[in-house]
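Chemist: Sequence:
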Amino acid sequence: MSNDIQKELRFEFGANWQSYLDHYLSPERIAQARQHLLSFVGREDLQGLRILDIGSGSGIHSMAAFQAGAAEVVSFDYDIDSVMATKRLHAMCQSPKNWRVMQGSVLDPEFMKSLGKFDLVYAWGVLHHTGSVWSAIDLASACVKAGGIMYIALYDSDVSAESPEFWCRIKQRYTSSSAVVRRIYEAWYVARFVLRYNPFRLGHLLKQVREYKKNRGMDFYHDVKDWLGGWPMEYTRIYDVIPFLLARKMKLLRTKVGEANTEYLFSLQDVQQGLTQLQALPLPHDLEWKVVSIRESEELNTLDLARPVYVYGASKGGEVVRSLLESKGFSVKSFITTEQPGSHDGLKVLSLDQFIEAGDKEAQVVIASTYFDAISLKLAERGVTHFYNAYPYVMGHLN
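Sequence positions in the sequence shown follow this note's numbering and run 26 to 424.
Wrong hints could be hidden among the right ones.
Stated by the list, open to error - Think about it this way: if two alpha-carbon atoms lie no more than 27 Å apart in a straight line, the pair counts; the simulated DSS-like pairs of lysine-lysine are:
#	residue 1	residue 2
1	Lys274	Lys403
2	Lys386	Lys373
3	Lys315	Lys281
4	Lys232	Lys281
5	Lys341	Lys373
6	Lys315	Lys274
7	Lys274	Lys170
8	Lys358	Lys386
9	Lys170	Lys276
10	Lys315	Lys341
11	Lys142	Lys170
12	Lys358	Lys373
I should point out that these hints are in silico values taken from the structure, not numbers from a laboratory.
Note that the structure is a prediction, hence the values are computed from the model and not measured.
All chains should be built: construct the whole structure from the sequences, respecting the hints.
Modeler: As structure tokens, then:
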């Protein structure tokens, strides 16, 4: 596939959202979307706030913001069908004047500047589909007023056992395929990544489908199509996103690793009093991580065999990584956990404070936990910025 064709290829996001509205929109799903939004930003409502919804898609989160009492909601999307989907929900709310819906691009500096400044800028699972993710993040952050907050979610390559190149190929092939071939891809995805080729997991699949509406009010099947067809797309890592925005005078309030996205909440400078219950994390504004992601066993070659290794995470993931390291001849000195020292599987377990106090200058830290975001931030707060993240390997080797 030529580069020119790849640039032109684009998934029909809006058509997928129109289908979602036709078949699955419900008061319960809208309530779930509202609760998810409010919970993450640490508020009970959005009374008096000016909200920008970038890439509004189905419009359900714009509606959620409006129903949560926002003083003004501005929604836009690049995809005209997504704009029409959002307008459907706008009409359901009696077309309020304090909720505007329009077509536009987050990559258009003049358009973005014309929107003004907002108390909350929201862009969930959107900016990585623009074809220029870093420009999109930069321009989105410029719409946050001083003391305001930005809630974004981005595809994170460290939340996948498969490489970014693998998923980019799948997305290009799916998007360029006929409807029949797309159904085959969808069946393959469910069989491989949900059922794991195990028919006894059918009950797990049915439960996941039933409960999926609790995930931001979304629908399982439409999210599968959105995932497989989400092209263009670019992966990011927390180790790039957080320093990128800290350098733009933003402060990190919280993160959350999801199934494919990592969610972030930032404030521009010190957060406005009363805007959120959350406090900024004590990170240096010039934070520079040097983190190697471990997805394949061969990537352990970046570690030094002569130096001790500490595995952060003492659960099943930690056991998997310890076994791998020892099979390659590395000396695993101990596990680390954030707060609970002791012993596990014949190996000492240090709390993070104990590890820091020990001051082992030769230590090589390898994270083996689904909470790698929180762990990475804890390490950064204590001045440890060079380590390894083996969570991608763990994902590929846990049953």
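Chemist: Which hints, by number, does the structure contradict?
Modeler: none
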